[in-house]
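Just need the whole structure built from these sequences, with the hints factored in.
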Amino acid sequence: MQYIPNILFFLALVAGIGYFTMNMRKVIGRIKLGQEVDASDHTKQRWSNVFRIALGQSKMVVRPIAGLLHIVVYVGFIIINIEVLEIIIDGLFGTHRVLSVLGPVYDFLIASFEILALLVLLGVIFFWTRRNIQKIKRFWAREMTSWPKNDANYILYFEMVLMVLFLTMNAADLALQNGVASGAYTSETASHYIQAGAYPISQFIAPLFEGMAEGTLIIIERSAWWLHILGILVFLNYLYFSKHLHIILAFPNVYYGKIKPKGQFKNLDSVTSEVKLMMNPSADPYAAPAEGAEAPAKFGASDVMDLSRTQLLNAYTCTECGRCTSECPANITGKKLSPRKIMMDTRDRLVEVGKNVEANGGEFKDDGKQLLDDYILREELWACTTCNACVEACPVSIDPMSIIMDMRQYLVMEQSAAPNELNVTMTNIENNSAPWPFNQMDRLNWKDEV
Amino acid sequence: MSETITVPTMAEYMAQGKKPEVLFWVGCAGSFDDRAKKITKAFVKLLHNAKVDFAVLGTEEGCTGDPAKRAGNEFLFQMQAMMNIEVLNGYEIKKVVTACPHCFNTIKNEYPGLGGNYEVMHHTQFLKSLMNEGRLKVEGGKFKGKRITFHDPCYLGRANNEYEAPRELLQKLEVELTEMKRCKSRGLCCGAGGAQMFKEPEPGKKDVNIERTDEALDTKPDVIAAGCPFCNTMLTDGVKNFNKEDDVAVMDVAEMIASAQDL
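Protein sequence lines correspond, in order, to chains R and U.
Start counting the first sequence at 1; every next residue gets the next number (our numbering).
Start counting the second sequence at 1; every next residue gets the next number (our numbering).
If you are wondering where the hints come from, they were derived from the structure by calculation, not from laboratory data.
Just to be clear, a hint being listed does not mean it is correct.
Short, incomplete list of chain R residues facing chain U, as computed with Cβ under 7 Å [as the list claims (entries may be wrong)]:
no. : residue
1   : K262
2   : L411
3   : V412
4   : E414
5   : L422
6   : T425
The beta-carbon is built from N, C-alpha and C at its ideal position, and this holds for glycine as well.
Here it is, written out as structure tokens:
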């Protein structure tokens, strides 16, 4: 009988981590629906980006208030997770505060966890007010209704509850420790609560528990302990359904992020070979394709499978902060384009395609839909000035502009569906090598004009 | 600007068996747009003044393909790129300077993958190097103490991380350099990039160039300095929209330097 809590804990742990692993494999499988990318270059630069941008949060602090608050929550999140390690050992082996053997180091650890927990709690409350009271514009855009809006708040509530549980657990523990020390609590169960840790924050909560019956106090402590760890497991599994996946994916996403200058758009190899063929005077225009030759590649992207794995990872990484959208000149001036929506649409469509593929034994069954038009509108794509403000703004190296460009390529090269003025421009370039209808032979006339 | 200026072409240089120090890539705007032609001429005057041995391609130059590529027509882009690369490689060009950030970005970043490898500089970078070498004098003159705000072209700034060259030149003009709220890496686009220059904007509350010009005018400038012929057009239109064209000039950095020297 005495091992029941340990067994239950073990089962909860296995279920929590197991379900999470299963879902993360789905995420990886879906990302692999995209085109392969070669990121074997610039390894040093990539790691340096991971340390600077992801671990170091260097782009978060471009906006100081949100950036510093985020660092508090982020550091708190990482450091407090050391405590989870102790909780897991205690849970599995029925020990209590097993790391207290570290003595003064343990006191220091617990004290810092407590301070961070309070800071995280305050930070998260502040985040909530920015979203719901202050109503900062980027959180109230066209794409931020229903699930995206609720998701953001659920995450904040989750973090608030987890921090409150953590502090309650410590406060009850401290009250028990004090009770045992003063001889008020004498039962065998109470004797587990040895003197351990330093409690700079929960010492102010502990007095609330003074004078409570020993049994009640133990129930409070145990409940907070169990709810805290179960809450963490539930939160872990919530990530898969949420924009909050960024806490994991930000790191690989930054690693795979663009290394080249932002102005350098990729050259399509499939086009290069065609153009070389066209410009080769000895090429036979009527030659039949070689036996077994590959079918010509599709130009650009109309659905998620046409995008690269990096772009799909981008979509899963996006935490919908909206910094991109709030810097986008098209969005600022009231156009429909929102780079954040490009990422959200890509993820939504990827999830839809992924479920389709998973349900049909690895094959995609045509569902009559695609990313273009059913999610991302042409009006959005044509509003982009390719200014790279969204790419610059993203704290985790997401590149919404590359998706816009790939979809424009599909529209122009597969569908000849450019806006008419652009067709005129392109015809001019073709005919007289300038976007305007001027003769190439007149290119140097300026030198003689007064 | 009444006197004609000598602008040698690569074909002439080739005929004489000479090679220039640098090729000046004029670009479509610089060749055909009435406003941008003034920038071209100002830059050429500075090149002459600094005794730079340069040449242009003239009628052998063609659109780099930038607007086609950003519009999604990779095919047309690569056609243009390969034609230009054949010409450039044929003349064994090593160094290119251009007053257009779009040409600059395309030749610098996108041509190497198609066989065109050159040292490419934006004209503000080139002018800065001439200044540092002592070949070009950049000093106050009529702009001394004037309030100037510099609008970062996206394809020079964010796209290629060059924010300082134009500012260093302006500071040497002893101007009072004032920054817009959104500047450098967070500078707002003028609205022309990505082939937007050649089409009507999508429906919205206002045009991007109006938003940007409004912000520039907030700094109460005497001159809005630009480093791109397209930004120049967009901001000039914006200034007209606010009926400020008599008070606020939109000028390229090269024009300002040339004008300060009464060239």
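Margin query: Hint validation: K262/R versus chain U, beta carbon distance must be below 7 Å. Holds or violated?
Written below: 5 Å, holds
Item checked: L422/R as an interface hint toward chain U, with CB separation required under 7 Å -> 5 Å, holds
Next item on the list: Grab the minimum C-beta distance from L411/R to chain U and call the hint holds if it beats 7 Å, violated otherwise.
Entry: With a closest approach of 6 Å, the L411/R hint holds.
Next item on the list: Please verify that hint: E414/R, Cβ, nearest Cβ of chain U, below 7 Å or not.
Entry: Violated, because the Cβ-Cβ distance from E414/R to chain U comes to roughly 10 Å (cut-off 7 Å).
Item checked: Hint status (Cβ of T425/R to nearest Cβ of chain U, threshold 7 Å) -> 4 Å, holds
Item checked: Hint validity - V412/R Cβ closer than 7 Å to any chain U Cβ -> 4 Å, holds
In this structure, the one hint that does not hold is number 4.
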